[in-house]
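Q: This is what each chain is made of:
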Amino acid sequence: AQSVAQPEDQVNVAEGNPLTVKCTYSVSGNPYLFWYVQYPNRGLQFLLKYITGDNLVKGSYGFEAEFNKSQTSFHLKKPSALVSDSALYFCAVRGRSGGYQKVTFGIGTKLQVIP
Amino acid sequence: SQTIHQWPATLVQPVGSPLSLECTVEGTSNPNLYWYRQAAGRGLQLLFYSVGIGQISSEVPQNLSASRPQDRQFILSSKKLLLSDSGFYLCAWSARGGNTEAFFGQGTRLTVV
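Those sequence lines, one after another, are chains A and Z.
Sequential numbering from 1 applies to the first sequence in the numbering used here.
Sequential numbering from 1001 applies to the second sequence in the numbering used here.
Source of the hints: derived by calculation from the structure; they are not laboratory data.
Here the structure is a predicted model, which is why all the values come from computation and not from measurement.
Beta carbons: idealized from backbone N, C-alpha and C, even for Gly.
One or more hints might be untrue.
As the list claims (entries may be wrong) - Selected chain A positions facing chain Z (Cβ under 8 angstroms, derived; list incomplete): (1) Y32; (2) N41; (3) G43; (4) L44; (5) I51; (6) R96; (7) Q101; (8) F105; (9) I107.
Build the full structure now, drawing on both the sequences and the hints.
A: In structure tokens:
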């Protein structure tokens, strides 16, 4: 069975500092990997995804993520955090085996950017 | 462009009453459709998914059911709500293909009293 771990319940970072939100996954074979962001009382918004190719993926709002196959990780990063980045972040994985593959989400990491 | 509509935004229902939440997608055809529940503002639990009209897969046995009467319409229902059905319900769609991201509706905050 596939799974996603987001080991940090909350990440606090000062505005202007770089941020990292961690994600590790377990799946049979090569994964598709996704990051989503959720603001209070709203639906999730897609940020970026890894399909194949370059391990560094760039997405919306200046976010990027690095796929590391050996460490089965897909950490979300941003060089300079904004207060408006404060939100709940979800990592998700989907396997590539034949047939329909559902997406598995992590439990989310709350990012708090401190002014 | 594609859009997803989910309503109502908030709902307060008494225990034992029926439920119907509706979700529609515009601007795409043959989407995969999903219902999720998010408890306590954290993890997402997949409740149902559908890959076509009338095709519903249930992930978790529960007091809820789903239907897909049209290609871009997905309905979440219950005949009798329980207190434990309270939560934040999210509808989502994705294009066919494993590498496609999901697009979420704005959610429905259901409180069962």
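Q: Would you mind marking each hint as holding or not holding in the structure?
A: Okay, the hints, checked on the actual structure:
1. The beta carbon of Y32 (chain A) is positioned within 8 angstroms of a beta carbon in chain Z (closest approach about 5 angstroms), and the interface hint is therefore held.
2. With its C-beta approaching chain Z no nearer than about 7 angstroms, N41 (chain A) sits inside the 8 angstroms limit, and its interface hint holds.
3. Interface restraint check: G43 (chain A) against chain Z, minimum CB-CB distance 3 angstroms, threshold 8 angstroms, status holds.
4. Taking 8 angstroms as the C-beta cut-off, the interface hint given for L44 (chain A) holds, the closest approach to chain Z being about 5 angstroms.
5. For I51 (chain A), the shortest C-beta to C-beta distance to chain Z is roughly 5 angstroms, which falls under 8 angstroms, so the interface hint holds.
6. Proximity of R96 (chain A) to chain Z holds as hinted, the smallest CB-CB distance being about 6 angstroms (cut-off 8 angstroms).
7. Look at Q101 (chain A): its Cβ gets to within about 5 angstroms of chain Z, closer than 8 angstroms, so that hint holds up.
8. Annotation: F105 (chain A) was flagged as interfacial toward chain Z, and the flag holds, the nearest CB pair being 5 angstroms apart, inside 8 angstroms.
9. Restraint check, I107 (chain A) versus chain Z: the minimum CB separation of about 4 angstroms is within 8 angstroms; hint holds.
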